[in-house]
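Trainee: Please build the complex by placing chains B and C on the supplied structure of chain A, with the hints as guidance.
Chains as they are written, first to last, in my numbering: chain A, 1 to 274; chain B, 1 to 312; chain C, 1 to 367.
Keep in mind that the hints were calculated from the coordinates and are not lab data. The structure displayed is predicted, hence computed values, not measured ones. Backbone N, C-alpha and C fix where the C-beta goes; we use that ideal spot for every residue, glycine too. Check the hints yourself; a few may be wrong.
[Stated by the list, open to error] Selected chain B positions facing chain A (in silico; Cβ < 8 Å): (1) VAL29; (2) PHE41; (3) LEU42; (4) VAL109; (5) LEU113; (6) LEU116; (7) VAL138; (8) PHE163; (9) LEU191; (10) LEU266; (11) LEU268.
[Claimed, not checked] Heads up, simulated DSBU-like pairs for lysine-lysine below, C-alpha to C-alpha not over 35 Å straight-line: (12) LYS208(B) <-> LYS277(B); (13) LYS107(B) <-> LYS87(C); (14) LYS277(B) <-> LYS107(B); (15) LYS87(C) <-> LYS277(B); (16) LYS123(C) <-> LYS108(C); (17) LYS108(C) <-> LYS287(B).
[Unchecked claim] According to the in silico footprint, chain A covers these stretches of chain B (three or more CB under 8 Å from chain A): (18) 140 to 149; (19) 175 to 188; (20) 219 to 231; (21) 248 to 257.
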Amino acid sequence: MAGRKFNVLPGFGLTMGFTLLVLSLVVLIPMGVLWVRAMELSWGEFWHQATTPRALAAYRLTFGASLAAATVNAVFGAMVAWVLVRYDFAGRRFLDALIDVPFALPTAVAGLTLASLFSDQGWLGRWLAPLGVHGAYSGLGVVIALAFVGQPFVIRSVQPVLQNLDRELEEVAATLGAGRCRTVCQVVAPSLWPALLTGFALAFARAIGEYGSVVFISGNLPYRTEIAPVLIVMRLDEYNYGGAAALAVVLLGISFSLLILINLLERWTSRYYS
Amino acid sequence: MASHPHPPPSSHGAARISGTGEPVFVRGVLIALSVAFLAVFLILPLANVFVQALGKGWSAYAHSLSHPDSRAAIRLTLLVAAITLPVNVTFGLAAAWAIAKFEFRGKAVLLTLIDLPFSVSPVVAGLMYVLVFGLQGVLGPWLDTHDIQIIFALPGIVLTTVFVTLPFVARELVPVMQATGAEQEQAALTLGASGWTTFWRVTLPSVKWGLLYGIILCNARAIGEFGAVSVVSGHIAGQTDTMPLAVEKLYQEFNATAAFAVASLLALIALATLAIKACLEWNMRRKDRRERDAAANARRGPGPGPVALTAA
Amino acid sequence: MSIALNQVSKTFGEVTAVHRVSLEVNEGELVALLGPSGGGKTTVLRLIAGLEMPTEGDIYIRGQRVNDIPVQRRNIGFVFQNYALFKTMTVFKNIAFGLKVKKWRARKIEARVGELLELLGLKGLGARYPHQLSGGQRQRVAIARALAPQPTVLLLDEPFGAVDAKIRQELREWLVHLQHDLNLTTIFVTHDQEEAMEIADRIAIFSRGHLEQVGSPRTVYEEPVNEFVARFIGVLNVLDLEIRNGRARLNELEFPGHGQPEGQHIRIGFRPYAVQISADPCAYPCRARLKHAFFLGIMLRVELELTSGLVIRARMTKEDYARQGLDEDREVSFQIRQYRVLAGEDGLLQPEISIAENPPTMLGEGI
Numbered sequence: 001m002a003g004r005k006f007n008v009l010p011g012f013g014l015t016m017g018f019t020l021l022v023l024s025l026v027v028l029i030p031m032g033v034l035w036v037r038a039m040e041l042s043w044g045e046f047w048h049q050a051t052t053p054r055a056l057a058a059y060r061l062t063f064g065a066s067l068a069a070a071t072v073n074a075v076f077g078a079m080v081a082w083v084l085v086r087y088d089f090a091g092r093r094f095l096d097a098l099i100d101v102p103f104a105l106p107t108a109v110a111g112l113t114l115a116s117l118f119s120d121q122g123w124l125g126r127w128l129a130p131l132g133v134h135g136a137y138s139g140l141g142v143v144i145a146l147a148f149v150g151q152p153f154v155i156r157s158v159q160p161v162l163q164n165l166d167r168e169l170e171e172v173a174a175t176l177g178a179g180r181c182r183t184v185c186q187v188v189a190p191s192l193w194p195a196l197l198t199g200f201a202l203a204f205a206r207a208i209g210e211y212g213s214v215v216f217i218s219g220n221l222p223y224r225t226e227i228a229p230v231l232i233v234m235r236l237d238e239y240n241y242g243g244a245a246a247l248a249v250v251l252l253g254i255s256f257s258l259l260i261l262i263n264l265l266e267r268w269t270s271r272y273y274s
Numbered sequence: 001m002a003s004h005p006h007p008p009p010s011s012h013g014a015a016r017i018s019g020t021g022e023p024v025f026v027r028g029v030l031i032a033l034s035v036a037f038l039a040v041f042l043i044l045p046l047a048n049v050f051v052q053a054l055g056k057g058w059s060a061y062a063h064s065l066s067h068p069d070s071r072a073a074i075r076l077t078l079l080v081a082a083i084t085l086p087v088n089v090t091f092g093l094a095a096a097w098a099i100a101k102f103e104f105r106g107k108a109v110l111l112t113l114i115d116l117p118f119s120v121s122p123v124v125a126g127l128m129y130v131l132v133f134g135l136q137g138v139l140g141p142w143l144d145t146h147d148i149q150i151i152f153a154l155p156g157i158v159l160t161t162v163f164v165t166l167p168f169v170a171r172e173l174v175p176v177m178q179a180t181g182a183e184q185e186q187a188a189l190t191l192g193a194s195g196w197t198t199f200w201r202v203t204l205p206s207v208k209w210g211l212l213y214g215i216i217l218c219n220a221r222a223i224g225e226f227g228a229v230s231v232v233s234g235h236i237a238g239q240t241d242t243m244p245l246a247v248e249k250l251y252q253e254f255n256a257t258a259a260f261a262v263a264s265l266l267a268l269i270a271l272a273t274l275a276i277k278a279c280l281e282w283n284m285r286r287k288d289r290r291e292r293d294a295a296a297n298a299r300r301g302p303g304p305g306p307v308a309l310t311a312a
Numbered sequence: 001m002s003i004a005l006n007q008v009s010k011t012f013g014e015v016t017a018v019h020r021v022s023l024e025v026n027e028g029e030l031v032a033l034l035g036p037s038g039g040g041k042t043t044v045l046r047l048i049a050g051l052e053m054p055t056e057g058d059i060y061i062r063g064q065r066v067n068d069i070p071v072q073r074r075n076i077g078f079v080f081q082n083y084a085l086f087k088t089m090t091v092f093k094n095i096a097f098g099l100k101v102k103k104w105r106a107r108k109i110e111a112r113v114g115e116l117l118e119l120l121g122l123k124g125l126g127a128r129y130p131h132q133l134s135g136g137q138r139q140r141v142a143i144a145r146a147l148a149p150q151p152t153v154l155l156l157d158e159p160f161g162a163v164d165a166k167i168r169q170e171l172r173e174w175l176v177h178l179q180h181d182l183n184l185t186t187i188f189v190t191h192d193q194e195e196a197m198e199i200a201d202r203i204a205i206f207s208r209g210h211l212e213q214v215g216s217p218r219t220v221y222e223e224p225v226n227e228f229v230a231r232f233i234g235v236l237n238v239l240d241l242e243i244r245n246g247r248a249r250l251n252e253l254e255f256p257g258h259g260q261p262e263g264q265h266i267r268i269g270f271r272p273y274a275v276q277i278s279a280d281p282c283a284y285p286c287r288a289r290l291k292h293a294f295f296l297g298i299m300l301r302v303e304l305e306l307t308s309g310l311v312i313r314a315r316m317t318k319e320d321y322a323r324q325g326l327d328e329d330r331e332v333s334f335q336i337r338q339y340r341v342l343a344g345e346d347g348l349l350q351p352e353i354s355i356a357e358n359p360p361t362m363l364g365e366g367i
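Chain A extracted, bound-state conformation (with noise of 0.2 Å):
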């Protein structure tokens, strides 16, 4: 690699080689032969597999239900996060522990359970169902599954950045005559909005990409419950390649952007600690 100093450190070409050639097979030349397979569509072709009635239906189940779910996120996340830094209770450390569950529970498990417990029979469903409500099969069944896999990201943004806020501008705000509202407000809350943000927007990339738990959940009805990774696998089914690898194209491109959202929030957070 050009531009590197000298290092007295063995290992760089072996390690550095080693890196690269995993990184190109698993996941750049994959990556690169969806693309191939996409661009072999004609332009016109295209853009008539990514925008067919089902797919718009789809993507913009996806997006609002995404939208909705972090939303949902970011609201109790903050809360959560507030409550768990802040304050002190029994069972505190270990619901703080329980926060990573749907991070480490498969998404297939969460999907099922979720399923369970909000159809009209299930524990929740039952108490909702009489109101007109349905958390199972329906679009709120796909809010419910991406809100649970997506609740940790906001909650462990917003944790690190509340822990180590200075209590020391709190106590200062205090002495210069401010009220605890305004300490929050004024103080606190600025220094939370870019976690939050964060947060909010890996919770939404992750919500936009997630099959598994909602899979269960959703009903999978075309137009009505179906989301677009959903839609990919049934043109797989149908063995439209290019028809699965152009849905496929739109996501991904969805995807990059969010990251490079994420990449460019995460430098504006550290803007004031230069």
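Mentor: This is chains B and C only, laid out in the frame that chain A set:
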């Protein structure tokens, strides 16, 4: 002189005064809301898995798990994890070594590339491999003539699992290795140690907790991956169904008890993962605290004390 | 009386951080709270501010008992060691924060902030963010922010701890001038005795939660009430002697027995300036080798090594050293003009004893 212990900073003390804390009422409401939310959203789904699995008694539970298809799924899942882990540990160590111990251009790009699998939908990941190795894929015809099966077989499942879990170990190791710096290794080299000795005796022990952390996260994901594996597995019962795929199949066959039985095993693995993770974090925090205290003591030093004049 | 603490104690769990401290600070005074870390001085400062509540005792600001008044309404200015500037606000907004809380009008705020920027030499930096400032500038912004709402008292926690040595000196002088011009009651915490000696009107010395002594720099240096203060302020030579044949002895040094029984140990302490040195080996009763001389501006720090290996620290002026033609490795004679008998860290100190009455002598000579 400074033998007297530090008073704990007030922010962590129990007694906090009105000026810098919330009223008790607000605090109570926030705690209650958070606990309720986590109970409904995390604990209830988890409890439901075990209740449903055991709903028809232990014998039904044991029967579900001892079904040949279930046992095949468990075996396959463990096999996939057993192949995936060494690959990712090797990759993670190599990548972390190159990234943390050396300066080179394009490091940020490399880090982004390593993180890439996290931002790719699992379904898209599976599709990529189908397009490479599938019958309609780039290598498909060649593989077919040589009678090598990758898609709808173990190699495909392992490949997609490696893909989705690729970042885990590297991601944990890079910051840990960066934090320890290259000085310890350089010191070892000046003492005459070879590169390998330095790695085994100096680097590895200093990152072992981070490595272990990466391994258990990687393992949890490898065992639980659904979307990507689902695309490449072909769903052949008793042959290419992993545990998560078995859960789906049983659920679609309206065999809820069996689906929950297999799911309960996966949930147990998840809980064990979290327990180990909590222990590791606790361990790392304790180590951090010890190092901080030691540093603070060293800073405080002997202080501006008197000159001791006892003769030698 | 600007601030008064009356028998104030503060405990955290089982740790007593502050124990029955009574302290009065006059209007316009600059007082240093000095002591080793963990001595309780920062807790005292936080108690005055209202960031902690006393476990016992009363705190008065301008005659009013403030125990039940929350920090927001105590009208104090507090400067934290690491400044605690609001990172997301500009310098202007940082300084204006306390004024906005008090609902000042925008025009008045602008005028007041402008005035403070001018006063603290921060003109033109109003639109900068904290991370764009140097350490010294950050500290001045923190002080400006504390001064903006016109507090009754300015409290500073280790105000010069976080800047490098060179800027520290400038900031010290600058703080003294500022405090003098504003005639504002100021209390600051420090662990650096030189800093406290240099700028404070009075010094309050803390150790393990106790207030050991309050007094002017000169008082605490020349008339320390106990061994802790004597050892903490300035350098003190300490000798551990044993009573034999009615005299206190350590190797070749000998002091009067002060009526202690045989075999008893006593300790004596003396300041480096109390050691008188002569190039003439017969001028004074004790002999030693001049081991090292360290040049510290006009004063010299000298280490004397006795034959037994015992080392004593002394001070002399550069002129004296040159006049006598002293050099390292020279044989010299010396005497200890004044010393004190020490009675443990907490015991009260005896008044200083001058050698006019009981000169210490060399063994084997003049018994």
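Trainee: Report the numbers of all earlier hints that the structure fails to satisfy, in ascending order.
Mentor: 1, 4, 9, 11, 17, 18
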